[in-house]
Every structure is written in C-alpha cells, then in structure tokens.
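A.B. asks: Take a look at the letters that make up each chain.
Number of protein chains: 2
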Amino acid sequence: MKSASLFVLPTFLLGVWCIGPAAAGDADDVEQKMTEQFNVRPIGWIKKADGRTTIVLKKKYQPGLLGLEGFSHVYVYWWFDRNDTPTKRATLQIHPSPPGNMKHPLTGVFATRSPFRPNLIAMTLCKIISVNNNVVHVEGIDAFADTPVLDIKPHVPRFDTAPNATIPWWLKRK
Amino acid sequence: MKSASLFVLPTFLLGVWCIGPAAAGDADDVEQKMTEQFNVRPIGWIKKADGRTTIVLKKKYQPGLLGLEGFSHVYVYWWFDRNDTPTKRATLQIHPSPPGNMKHPLTGVFATRSPFRPNLIAMTLCKIISVNNNVVHVEGIDAFADTPVLDIKPHVPRFDTAPNATIPWWLKRK
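Residue numbers (this note's numbering), protein chains in the order written: chain E, 6 to 179; chain W, 6 to 179.
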C-alpha cells in the first residue's frame with residue numbers, strides 16, 4: 006500500500022496543476038471581488054421651471070459649492086433613474102444616435118452615450134449662469150426634471166479635452 | 006358675528022400663506038427621497054504592468070466594447086476606492102490642487118477634482134492605443150492599479166468641450 010500512496014499523491018498534485026487554470030475559468034477574465042458594489046446617493050436633483058434649469062443640492066452639500074463661480078462650465082453627473090431596471094442595465098449593444106437608429110451600426114454601449122448601460126451614470130457639460138446658496142443655475146441639461154444628481158465637477162479644458170480627437174462616421178455632423 | 010367671520014377667514018388664510026413655507030422647512034432645501042441610493046458595480050479594473058496601462062473588463066461586458074476603436078479618446082469613470090470611508094465621503098471643502106495645498110483657497114469639492122467627495126466617482130480622459138477582446142489599452146491613467154472601473158464613454162468634442170471655458174487662478178498654469 007505504501008508504494009500506491011507514493012504514486013497517488015504526486016499524480017493528484019499533477020492533476021490539480023494541469024486542470025487548475027481551466028477549472029478556474031479564462032485566465033484573461035478578471036473576476037476578482039465578484040460581489041463588489043458601491044453605493045451612490047443623490048447630492049441633489051435637477052429642477053426645471055419657468056424656463057430655468059437648476060441643480061438644487063441637499064442643503065447639507067451647499068459647502069461643496071464654494072468657489073464654483075470661478076468656473077464657466079461644469080460636468081454634471083446624474084443617474085438615468087428611469088432606466089434603473091435589470092433589463093436596461095444589462096444592455097450592452099445598441100444601434101446608437103439616437104438609440105434604435107437602424108441606420109447606424111450595432112455598437113457597444115461603452116462606445117456610445119447610451120442611456121441603457123450597466124451603471125447608469127450620465128454626464129453633461131453645462132454652462133453655469135449663477136451659483137446661489139445650494140442652487141446652481143445652468144443654461145440647460147439633457148435630463149428630465151427631478152433627475153438625481155450624483156456629482157458636479159468643474160470643466161478644466163487641459164484635463165478634459167483632446168485636440169483633434171476622432172469619432173466614427175455615425176457621430177459626425179451631417 | 007358675521008363681520009368677525011369675514012375678518013377671521015381671510016386672516017387665517019393669510020397666516021397659512023405666510024407661515025406655510027417656513028413650516029414646511031426651507032423652501033430651497035429639496036429633501037425628497039431622503040433614503041434614495043443607487044448601486045454601481047465594477048465593469049472591470051485598471052491594470053498596470055510592463056509599462057502598459059489597460060482596462061480589463063469582466064468577460065461578460067466585452068460586447069460593450071464593440072466599435073470603440075472608432076474613437077481616439079474615452080472618458081474612463083472609476084471609483085476612488087481607497088477613499089471609501091464615511092469620513093472621506095463627508096469631505097465638502099479642501100485646499101485644492103493638490104489636496105492640502107494651503108497656497109490655494111478653501112474650495113468646495115464640487116469646484117475641484119478632489120478624490121474626497123460624497124460620491125467617489127472619478128473621471129479621466131484617456132487616449133486609446135488598442136481594443137482587444139475585453140481589454141482596452143490606454144496611454145495612461147491617474148489611478149492606482151486594481152482600481153475598479155464603473156463605465157467607459159467615448160469622448161465627443163462637441164458634447165464635452167467648451168471653447169474659451171474659464172477656470173480660477175489656482176488652476177491656471179504657472
């Protein structure tokens with residue numbers, strides 16, 4: 006029996022080594038922290054009334070606006086809350102610009118600004134008109150009224166723009 | 006008594022009109038949906054090895070990259086995961102550029118690109134080198150290796166840039 010044991014252990018280890026990576030899945034597939042998720046909470050909401058578009062922050066976040074008037078433009082990060090369903094968040098490809106436009110090729114959502122995507126973060130560049138207390142008055146935004154806002158970041162051209170950036174034909178102006 | 010009644014009702018209505026907004030709280034303080042929060046899950050992670058920076062997506066999200074090579078630049082949205090504590094997420098003002106620089110004025114985080122903010126969404130404009138399977142090779146990104154990535158959106162200059170955007174003195178190049 007002793008000789009059989011000496012044979013079994015190395016064979017076992019060899020088997021584990023050979024089948025290990027395949028048993029674990031595609032080596033290129035990074036599946037670390039499978040259950041990782043993060044929570045985001047609205048800092049405010051988009052309001053539209055009397056022809057004005059404002060971002061109204063929860064009062065407690067008002068200190069975060071100090072100095073914002075030093076910038077002419079901001080990126081507003083909001084949540085596509087009307088699309089917050091498992092099906093819409095499972096969307097990975099669409100005919101874009103606008104979604105459903107069959108004249109444009111099937112495209113991955115990460116290559117579009119699709120409102121259907123795994124994480125429903127939207128971003129719009131807005132021109133600031135004024136900042137007062139907890140309210141940022143902007144020229145306009147392509148979001149519905151009462152849309153939750155997640156963040157505001159100032160637009161800094163040298164960080165955020167690329168001279169001569171290229172885009173595909175279906176986004177070029179006709 | 007009739008004359009008294011005529012006096013009481015309008016006075017009552019006037020009183021309600023005057024104190025109503027105050028009784029309801031600050032009219033400017035939008036506290037709807039106090040418990041609202043949204044979940045975001047990584048679509049992949051930033052990897053840095055051998056001088057290369059890549060965004061490696063979970064295999065299931067690979068279809069979302071279809072057509073991305075049609076763009077020269079993308080915005081990568083990632084999570085400041087090393088700052089995911091209640092204290093750091095409660096940060097509303099810093100001396101910016103970089104955080105802690107006392108030569109620059111105390112500024113609201115929404116007027117900075119501070120990595121300490123209520124919702125830890127970061128954004129970096131990256132130049133695409135190549136797209137292969139579930140891997141986007143970019144020129145570089147100001148994030149640590151193994152940082153979770155939440156989204157990728159293509160950079161479209163006419164959406165994302167503002168000619169002559171203005172910034173405050175502490176961000177101007179010296």
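Everything labelled a hint here was simulated from the structure, so no lab data went into it.
Keep in mind it's a predicted model, so treat the numbers as computed, not measured.
It cannot be assumed that every hint is accurate.
Note that identical chains are pooled: a pair holds if it fits in a single copy or bridges any two copies.
Claimed, not checked - Listed next, the in silico EDC-like pairs over lysine to aspartate or glutamate satisfying Cα-Cα at most 20 Å (straight line):
1. LYS65 with ASP55
2. LYS65 with GLU41
3. LYS52 with ASP151
4. LYS53 with ASP151
5. LYS179 with ASP89
6. LYS132 with ASP55
A.B. asks: Each hint should be assessed against the structure and marked as holding or not.
C.D. replies: Results of checking the hints against the structure:
1. LYS65 with ASP55: neither (26 Å within a copy, 45 Å between copies)
2. LYS65 with GLU41: between (28 Å within a copy, 15 Å between copies)
3. LYS52 with ASP151: within (6 Å within a copy, 37 Å between copies)
4. LYS53 with ASP151: For LYS53 and ASP151, only the intra-copy Cα distance (8 Å) is at most 20 Å; the inter-copy one is 40 Å.
5. LYS179 with ASP89: neither (33 Å within a copy, 44 Å between copies)
6. LYS132 with ASP55: Classified as within; 18 Å inside a copy, 41 Å across copies.
In the structure shown, a violation is registered for the earlier hints numbered 1 and 5, in ascending order.
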